[in-house]
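Chain residues, written in single-letter form:
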Amino acid sequence: MIHAVLIFNTSGVARLTKFYTPLHQSSQTLIPKIFSLICSRPASLCNFLDAPELEAFLGPKGEEDERWRVVYRSYATLYFVFVVDGAESELGILDLIQVFVESLDRAFENVCELDLVFQFDEVHHILTEIIQGGLVLETNVEEIDNSVQLSAKLRKESFASANPLSLGIGVGGAGSRGGNLKSPLGWLTGKITGGRAM
Amino acid sequence: MASNMRGLTQFIADIRGARVRELEEKRINKEMANIRKKFKDGNLDGYQKKKYVAKIIFTYILGYKVDVGHMEAVNLISSPKYSEKQIDLDGNNEVDNCLALHAIANVGGSEMAEALSEDVHRLLISPTSHSFVKKKAAIPDVIPAAEWALRIVSIMDDEDLGVVICVTSLVMALAQDHLAPFAVCYTKAVDRLNRLVIEHEYSATYAYYKVPSPWLQVKLLRLLQYYPPSEDPNIRSILHQVLQTIMNNSAEPSRNVQHNNAQHAILFEAIGLAIHLDTNSPLVGTAAVLLARFISSKETNVRYLGLDTMAHLAARADSLGPIKKQQDIIILSLRDKDISVRRRALDLLYSMCDVDNSELIVGELLRYLKVADYALREEMVLKIAILTEKYANSYKWYVDTILQLISAAGDHVGDEVWYRVVQIVTNTEDLQEYAAKVVFEHLKAPSTHESLVKVGGYILGEYGHLIANEPGYSPIEQFRVLHSKSQFCVAATRSLLLSTYIKWVNVFPEIKPQLLNIFERYRHVLDSELQQRACEFYALASRPDEDELLQNVCEEMPPFPPRVSALLGRLNQKHGDTGDKRTWVHGGKEANIDREVVKKKTLLTETNGAPASSDNQDILGSLAGLDISGSSSQPEPSGGSDLFLVNGAPRVAVGPNVDRWFDKLTWSAEGVLYEDVQIQIGVKSRYQGHIGQLAIYLGNKVPSALTSFTTSIHVSDPEALSVTFAKIPPSTIAPRTQTQQLVHVECKKFFSTPPVLSLSFLAGSHQTLSIRLPIVITKFFEHVKLGQTDFFERWKLIGGPPREAQNVFPVELTSAGQLDLVKNRQVVGGHRLNVLDEIDPNPNNIVAAGVLHMSVEGKVGCLLRLEPNREAKLCRVTVRSTSEDVASEVLKLVQKPLKIES
Numbered sequence: 165m166i167h168a169v170l171i172f173n174t175s176g177v178a179r180l181t182k183f184y185t186p187l188h189q190s191s192q193t194l195i196p197k198i199f200s201l202i203c204s205r206p207a208s209l210c211n212f213l214d215a216p217e218l219e220a221f222l223g224p225k226g227e228e229d230e231r232w233r234v235v236y237r238s239y240a241t242l243y244f245v246f247v248v249d250g251a252e253s254e255l256g257i258l259d260l261i262q263v264f265v266e267s268l269d270r271a272f273e274n275v276c277e278l279d280l281v282f283q284f285d286e287v288h289h290i291l292t293e294i295i296q297g298g299l300v301l302e303t304n305v306e307e308i309d310n311s312v313q314l315s316a317k318l319r320k321e322s323f324a325s326a327n328p329l330s331l332g333i334g335v336g337g338a339g340s341r342g343g344n345l346k347s348p349l350g351w352l353t354g355k356i357t358g359g360r361a362m
Numbered sequence: 012m013a014s015n016m017r018g019l020t021q022f023i024a025d026i027r028g029a030r031v032r033e034l035e036e037k038r039i040n041k042e043m044a045n046i047r048k049k050f051k052d053g054n055l056d057g058y059q060k061k062k063y064v065a066k067i068i069f070t071y072i073l074g075y076k077v078d079v080g081h082m083e084a085v086n087l088i089s090s091p092k093y094s095e096k097q098i099d100l101d102g103n104n105e106v107d108n109c110l111a112l113h114a115i116a117n118v119g120g121s122e123m124a125e126a127l128s129e130d131v132h133r134l135l136i137s138p139t140s141h142s143f144v145k146k147k148a149a150i151p152d153v154i155p156a157a158e159w160a161l162r163i164v165s166i167m168d169d170e171d172l173g174v175v176i177c178v179t180s181l182v183m184a185l186a187q188d189h190l191a192p193f194a195v196c197y198t199k200a201v202d203r204l205n206r207l208v209i210e211h212e213y214s215a216t217y218a219y220y221k222v223p224s225p226w227l228q229v230k231l232l233r234l235l236q237y238y239p240p241s242e243d244p245n246i247r248s249i250l251h252q253v254l255q256t257i258m259n260n261s262a263e264p265s266r267n268v269q270h271n272n273a274q275h276a277i278l279f280e281a282i283g284l285a286i287h288l289d290t291n292s293p294l295v296g297t298a299a300v301l302l303a304r305f306i307s308s309k310e311t312n313v314r315y316l317g318l319d320t321m322a323h324l325a326a327r328a329d330s331l332g333p334i335k336k337q338q339d340i341i342i343l344s345l346r347d348k349d350i351s352v353r354r355r356a357l358d359l360l361y362s363m364c365d366v367d368n369s370e371l372i373v374g375e376l377l378r379y380l381k382v383a384d385y386a387l388r389e390e391m392v393l394k395i396a397i398l399t400e401k402y403a404n405s406y407k408w409y410v411d412t413i414l415q416l417i418s419a420a421g422d423h424v425g426d427e428v429w430y431r432v433v434q435i436v437t438n439t440e441d442l443q444e445y446a447a448k449v450v451f452e453h454l455k456a457p458s459t460h461e462s463l464v465k466v467g468g469y470i471l472g473e474y475g476h477l478i479a480n481e482p483g484y485s486p487i488e489q490f491r492v493l494h495s496k497s498q499f500c501v502a503a504t505r506s507l508l509l510s511t512y513i514k515w516v517n518v519f520p521e522i523k524p525q526l527l528n529i530f531e532r533y534r535h536v537l538d539s540e541l542q543q544r545a546c547e548f549y550a551l552a553s554r555p556d557e558d559e560l561l562q563n564v565c566e567e568m569p570p571f572p573p574r575v576s577a578l579l580g581r582l583n584q585k586h587g588d589t590g591d592k593r594t595w596v597h598g599g600k601e602a603n604i605d606r607e608v609v610k611k612k613t614l615l616t617e618t619n620g621a622p623a624s625s626d627n628q629d630i631l632g633s634l635a636g637l638d639i640s641g642s643s644s645q646p647e648p649s650g651g652s653d654l655f656l657v658n659g660a661p662r663v664a665v666g667p668n669v670d671r672w673f674d675k676l677t678w679s680a681e682g683v684l685y686e687d688v689q690i691q692i693g694v695k696s697r698y699q700g701h702i703g704q705l706a707i708y709l710g711n712k713v714p715s716a717l718t719s720f721t722t723s724i725h726v727s728d729p730e731a732l733s734v735t736f737a738k739i740p741p742s743t744i745a746p747r748t749q750t751q752q753l754v755h756v757e758c759k760k761f762f763s764t765p766p767v768l769s770l771s772f773l774a775g776s777h778q779t780l781s782i783r784l785p786i787v788i789t790k791f792f793e794h795v796k797l798g799q800t801d802f803f804e805r806w807k808l809i810g811g812p813p814r815e816a817q818n819v820f821p822v823e824l825t826s827a828g829q830l831d832l833v834k835n836r837q838v839v840g841g842h843r844l845n846v847l848d849e850i851d852p853n854p855n856n857i858v859a860a861g862v863l864h865m866s867v868e869g870k871v872g873c874l875l876r877l878e879p880n881r882e883a884k885l886c887r888v889t890v891r892s893t894s895e896d897v898a899s900e901v902l903k904l905v906q907k908p909l910k911i912e913s
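Top line first, the protein sequences correspond to chains D and E. Basically our numbering = 1-based index in the first sequence + 164. Basically our numbering = 1-based index in the second sequence + 11.
It is worth saying that the hints were derived from the structure and are not from the lab. Yeah, the Cβ is synthetic: ideal placement off N, Cα and C, and Gly gets one too. Possibly wrong hints are sitting among the right ones.
Stated by the list, open to error - Sample of chain D residues facing chain E (criterion: CB under 7 Å; computed from the structure):
hint, residue
1, LEU201
2, SER204
3, LEU209
4, ASP214
5, GLU307
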């Protein structure tokens with residue numbers, strides 16, 4: 165089962181955190197912990213990490229061989245990190261991360277870190293189309309994209325009719341990027357998928 | 012949210028309008044006070060609740076501390092949602108359904124989940140739901156696994172791969188804890204793999220970088236590893252083909268990273284499954300070659316998984332030969348730059364260690380221990396200690412290694428390690444002198460770990476005198492070395508040293524003054540334990556020389572009673588958790604065999620209705636004393652029906668017709684077995700010796716297809732009777748058509764319970780049906796020709812009870828008031844007994860003979876005599892056989908169709 169999905173950038177700032185198991189401690193300390201495990205690993209190392217250190221956060225694993233495993237993949241300035249248990253195939257999870265990123269890319273058109281900052285809700289919506297309750301729902305990018313668009317459309321409709329703060333700005337739809345805000349340094353707008361593939 | 016919340020808008024506008032922070036705080040405090048009051052008063056409707064909660068959340072987002080009302084907010088959030096979502100679940104709009112399901116999955120606590128599980132389930136099995144709703148209904152926590160098992164598994168046949176992916180995920184998660192109820196998924200998984208890998212039957216959108224749905228393949232391959240290998244030769248051969256194809260596919264590497272990745276993901280799972288199925292199969296041979304290539308791959312991921320999978324192989328394989336060839340590379344991997352790879356290499360070395368290579372591997376590990384990552388050390392120490400003990404060729408080597416281990420990584424050495432050394436040295440006389448010397452040498456090192464001092468104290472105290480006459484090991488030298496360490500030790504270790512000294516007083520009178528001096532000094536220390544020992548020892552040592560008390564007290568320790576190593580005990584304890592997800596553990600074959608047994612036991616207990624209790628630890632603990640073979644080879648006779656009870660499905664279908672159909676088929680080769688408005692089941696059979704073939708015709712009588720068609724056969728005693736499908740049954744039966752299923756039957760031993768055929772399918776709703784198959788012991792009779800003298804000779808030879816079974820029962824006469832001689836003959840002949848004419852002088856009587864063929868228990872002869880009486884309307888049947896069981900069973904079967912129920 166997948167226990168957590170995290171996205172953080174190369175400075176360790178969390179952009180998305182989603183846990184599928186109750187945490188024993190605050191996630192505020194868990195994320196730096198995972199980040200510290202990963203950031204020190206150069207690109208040539210493998211994408212998997214045994215993480216007995218996480219037992220304090222996610223509870224102990226009964227079995228000696230049954231460890232928390234961290235599977236991660238870095239794209240441009242972001243780390244996509246999945247915390248899984250022994251029931252998952254490591255390479256399968258890597259594929260899944262790729263699917264997730266491709267789905268993000270479909271929704272945002274050349275997704276970059278800024279999209280995740282300004283449209284974190286959308287990212288969550290996409291994630292719920294892929295993973296639910298720690299189990300995988302769908303791995304077909306086409307399907308994911310369809311249902312994301314459908315629900316975005318419906319949200320937009322209900323939002324327009326019900327939200328007290330609705331001031332007529334286009335909201336939540338795929339593709340818009342926080343009012344075309346220009347990042348002064350440009351580091352936030354680096355394309356994710358254009359970067360290193362592995 | 013149906014309407015605008017004016018209050019909320021106003022509140023937010025006010026806060027926005029606040030020019031200074033104080034004003035903002037004031038506004039918030041006012042609002043909070045108001046809300047608190049409202050909550051206290053209660054009686055809020057849904058709208059108000061939502062409004063206030065929204066306000067609180069907004070305040071929280073602004074960064075204010077929401078001190079009171081937080082709990083209330085949480086309660087409120089879930090309670091209105093609960094009612095709303097319940098409405099939603101019943102709604103017709105599918106998107107609403109999805110949203111509701113999301114809410115349950117994400118927000119709902121377990122209570123809410125339980126309350127809603129019925130609705131969720133209805134959606135899941137409802138044939139009208141669209142695929143994407145079904146997918147989302149597959150939420151794990153909500154589902155009472157065992158009851159829904161069959162229905163959930165049947166969705167694995169869904170046409171939409173997306174749905175299949177979800178359901179497979181779900182089945183995997185559930186099957187981990189409920190193996191038995193989900194056993195049907197085995198066939199489904201094999202079938203799906205076959206369709207994906209061999210027949211390439213999938214929609215193009217599910218190809219991920221040209222690989223057909225890798226996620227699903229990986230999941231299915233993993234799922235199959237949860238179950239013991241199937242006995243069914245047909246399933247095995249399909250699985251073999253699938254695995255073969257997967258391995259062949261990997262032969263063509265591509266340059267696309269994602270494609271390779273997916274390909275490898277499947278390949279590694281396939282290898283895992285191949286190892287799980289049979290470590291001696293040629294597939295595993297191929298796999299070993301592939302793995303050897305992987306562990307020296309340039310890609311770290313592949314190296315990592317190669318080592319991991321090889322450890323799996325090492326843990327299960329009978330022969331470590333192919334792996335040992337790679338030993339150098341593996342040892343080299345211990346120095347890989349990636350700690351993840353180093354960990355896997357360590358695991359692999361641990362698993363592949365045996366008597367032949369133990370010295371080399373342990374030596375390597377010891378060398379590596381000194382430079383190993385801190386995080387790895389503790390685990391390494393335990394593993395080294397276990398390997399050393401398990402595969403020691405000589406005790407000398409054992410002592411050397413453990414002492415080296417203690418001096419290299421003392422902090423990580425648990426107490427049980429040095430206890431064990433002491434135990435072994437005490438019990439092995441040849442070793443004592445050597446151990447004393449070695450430990451003395453180790454103690455001479457400038458800094459020593461406390462555990463080493465303890466071992467040293469104990470061993471020198473007991474056996475120091477054995478080496479005292481050799482140069483360099485004199486009593487005074489022993490004393491100096493040991494005592495120089497004393498000051499750095501904690502009180503417990505010092506107490507142990509005091510005991511050493513008193514033993515020395517006994518054997519080394521020459522250093523008695525120094526020792527007395529020490530006791531004298533310790534008599535005044537503050538630690539009560541030390542002080543007590545010092546006082547007692549001082550008094551003991553000060554007694555006159557001729558006194559025998561000291562000698563008696565300091566008698567050499569007797570050997571320890573043989574007992575299980577504390578180390579292995581500790582390791583096993585960790586394995587007690589049967590809820591784990593791994594399909595194997597690191598370590599030798601034995602460790603894995605133990606696990607299998609435990610797993611089987613769980614499977615058994617679950618089958619028998621009793622939930623696997625939490626005392627699995629005890630089961631494992633007492634495993635050594637249990638006769639496993641006895642309990643596992645005697646399946647509960649009621650196992651079959653209980654299984655269905657657990658599943659919540661009906662027991663074997665009953666009804667006068669069902670019985671009539673079944674009884675007729677016990678003595679005829681073909682006919683109808685079952686029929687209702689939807690389905691008709693017919694049977695044709697052919698038997699020869701102990702082998703039989705059954706064609707089961709499944710007819711769909713309704714004008715729509717029966718989908719998710721699942722068939723399985725349950726045999727109460729697989730040792731006696733094997734019943735297998737010739738190939739995996741199709742999952743759909745088209746409207747108004749019939750399919751044929753071939754079933755192979757083999758009789759190995761005597762049996763009396765017919766196998767049960769279970770069907771489940773979707774036809775509007777989910778249906779299940781269980782019926783007995785007309786396979787009875789008489790089907791395996793062959794004719795035998797006997798003359799009159801032969802017959803009576805044998806008849807007498809067998810003799811009366813218990814090898815004779817006899818019964819008199821009422822029979823019906825024909826309409827003409829005559830005996831139904833034709834039917835009698837048909838029944839006896841139908842039970843495959845050879846009716847012998849002209850043996851009995853009375854032409855109404857029937858005499859018959861047959862030989863029962865069984866592949867394991869061999870042949871059993873059987874003689875029968877049937878004597879109807881027209882006047883009394885009674886019939887007497889006598890069966891004599893060399894086997895009591897056969898006699899009574901044949902009697903039962905033959906009289907059944909003749910007897911009239913009074």
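Hints and how they fare:
| no. | hint | result |
| --- | --- | --- |
| 1 | LEU201 | 10 Å, violated |
| 2 | SER204 | 10 Å, violated |
| 3 | LEU209 | 4 Å, holds |
| 4 | ASP214 | 5 Å, holds |
| 5 | GLU307 | 6 Å, holds |
Violated hints, listed in ascending order, are 1, 2; each of the other numbered hints is respected by the structure.
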